[in-house]
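Asks: Protein sequences appear in the order of chains E and R. This note's numbering numbers the first residue of the first sequence as 1 and each following residue consecutively. This note's numbering numbers the first residue of the second sequence as 1 and each following residue consecutively.
Treat the hints as calculated values from the structure; they're not laboratory data. Be aware that one or more of the hints could be misleading.
Remember, identical chains collapse to one label, so a pair may be satisfied in a single copy or spanning two.
SDA-like cross-link-like pairs, simulated, lysine to any residue; straight-line CA separation at most 25 Å [said to hold, decoys possible]: (1) Lys87 x Thr149; (2) Lys24 x Glu183; (3) Lys24 x Gly184; (4) Lys112 x Glu183; (5) Lys112 x Thr209; (6) Lys24 x Asn188; (7) Lys87 x Ala190; (8) Lys128 x Gly25; (9) Lys134 x Pro107; (10) Lys112 x Trp80; (11) Lys128 x Arg51; (12) Lys24 x Glu114; (13) Lys112 x Met1.
Number of protein chains: 2
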Amino acid sequence: MQQLRVHNFAISLDGYGTGEGRAKGVFFGHAGERLHEWMIDTAVWQEGGSRGVDNAFAAQYQQGFGAEIMGAGKFGYPGWHDDPDWKGPWGANPPFHTPVFVMTRRPRPSLKMEGGTTFHFVDAPPEKVLEMAKEAADGHDVRLGGGATVIRQFLTAGLVDHMHLAVVPIVLGRGVNLWDGLEGIERNFAVEAISSPSGVTHLTFTRTTS
Amino acid sequence: MQQLRVHNFAISLDGYGTGEGRAKGVFFGHAGERLHEWMIDTAVWQEGGSRGVDNAFAAQYQQGFGAEIMGAGKFGYPGWHDDPDWKGPWGANPPFHTPVFVMTRRPRPSLKMEGGTTFHFVDAPPEKVLEMAKEAADGHDVRLGGGATVIRQFLTAGLVDHMHLAVVPIVLGRGVNLWDGLEGIERNFAVEAISSPSGVTHLTFTRTTS
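Please model the entire structure based on the sequences and the hints provided.
Replies: Spelled out as structure tokens, the structure:
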């Protein structure tokens, strides 16, 4: 059974997955890199990095995926739709190495990058996008890459099989909040929490309903 | 040095310290008892209860306090000000056993209960209330009992020395949110996180600024 999984999605104590004031080169707004330092410090991300619980979680990001789904917000900055040359913030060889489905109201032609990543731009509801991604994933799982708005959409539609969140001990105060409109969502999942010496708490939501 | 400390203050994943729809007998609104089950299951609260990390934290609630400060919301339900016989939701022998300062715009005469608890009703700013409570505490610490609104007030005023929060893995969606207006508050504290097998994550904020 192919699964739809969220991995390494970082939020602040108050639930923000990104800050306010997003722009080209400032992809997380006033949050800066603070939501992702825990990840950058691991062996998955750099030689000599930590190999504790943060690394164990970070590593799952790459395990078993054949496609990714992401929102238009993750692909760029507010305004990228008007830049025909925009190819995402990851450079020539993005870290996905699979087909990536970018959900947007303003699709453009598919974009083949180095290293196996191809961006497909789709204007379709979550169920339909998941169907396309599963077919493209060729038997492997599909990663739901965020941002918060897209994760909320798929949670609300009951399409998420597993979700790993990293709660970072900062209070961002503003931005895009993952929890908005998700009252009671825990009832559909087995929830585990494990804190790391880095100060981050990893939460996993594993679907219990079918 | 007398400290102002918060203990056992439970919030949902999305930061709510209480739910919506509070009323007489429904003191946490639609949250019910879900924010406090972790505490009720400990040896501090019941014979044969757990003696792990939840209990270690729960026990600190009673250690070293000579007074408590609470908000009008914690003392009762919306409307208690109009009930002259209201003595709080805890029965004849409340679990404080010290002077308790209830912050309210509509003070009433002090109320002496069994077991050493006396409620004093005060209409004053946080600094002033803390001063009164410290004097009454006779050298011991002062507990800041909540709710969320009052904790926010004291945090904003820079008066909190230590704060223990218990993050319960539920999404309440509505109620009173602890984090509102506290952007960047972590900069004044050393923050630790430790998860319990119960699913709760204990957060401690220890003041690093003077």
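Asks: Evaluate each hint against the coordinates.
Replies: Comparing the hints with the structure gives:
Taking the closest pair of Cα atoms, lysine 87 and threonine 149 come within 25 Å of each other only inside a single copy of the chain (21 Å); across copies the shortest separation is 45 Å, beyond that limit. In the homo-oligomer, the alpha carbons of lysine 24 and glutamate 183 lie at most 25 Å apart only across protomers (23 Å), although the nearest pairing inside one protomer, at 33 Å, exceeds that limit. Taking identical chains as interchangeable, the C-alpha atoms of lysine 24 and glycine 184 lie at most 25 Å apart only when they sit on different chains, with a minimum of 24 Å there against 35 Å within one chain. When the C-alpha separation of lysine 112 and glutamate 183 is checked against a cutoff of 25 Å, the pair qualifies neither within a copy, at 39 Å, nor between copies, at 40 Å.
In the homo-oligomer, the alpha carbons of lysine 112 and threonine 209 never lie at most 25 Å apart, since the shortest distance is 37 Å inside one protomer and 52 Å across protomers. Taking CA atoms no more than 25 Å apart as the test, lysine 24 paired with asparagine 188 passes in neither setting, with 37 Å inside one copy and 31 Å between copies. For the homomeric pair lysine 87 and alanine 190, neither the shortest alpha-carbon distance inside one copy (37 Å) nor that between copies (40 Å) is at most 25 Å. Taking the closest pair of Cα atoms, lysine 128 and glycine 25 never come within 25 Å of each other, the shortest separation being 31 Å inside a single copy and 46 Å across copies.
In this homomeric assembly, lysine 134 and proline 107 come within 25 Å of each other (Cα to Cα) only inside a single copy, at 20 Å, whereas the closest approach across copies is 63 Å. For the homomeric pair lysine 112 and tryptophan 80, the shortest alpha-carbon distance inside one copy (18 Å) is at most 25 Å, but the shortest distance between copies (65 Å) is not. Neither within a single protomer nor between protomers do lysine 128 and arginine 51 lie at most 25 Å apart by alpha-carbon distance, with minima of 38 Å and 49 Å respectively. In this homomeric assembly, lysine 24 and glutamate 114 come within 25 Å of each other (Cα to Cα) only inside a single copy, at 22 Å, whereas the closest approach across copies is 63 Å.
In this assembly of identical chains, the alpha carbons of lysine 112 and methionine 1 never lie at most 25 Å apart, being 28 Å within a copy and 64 Å across copies at closest.
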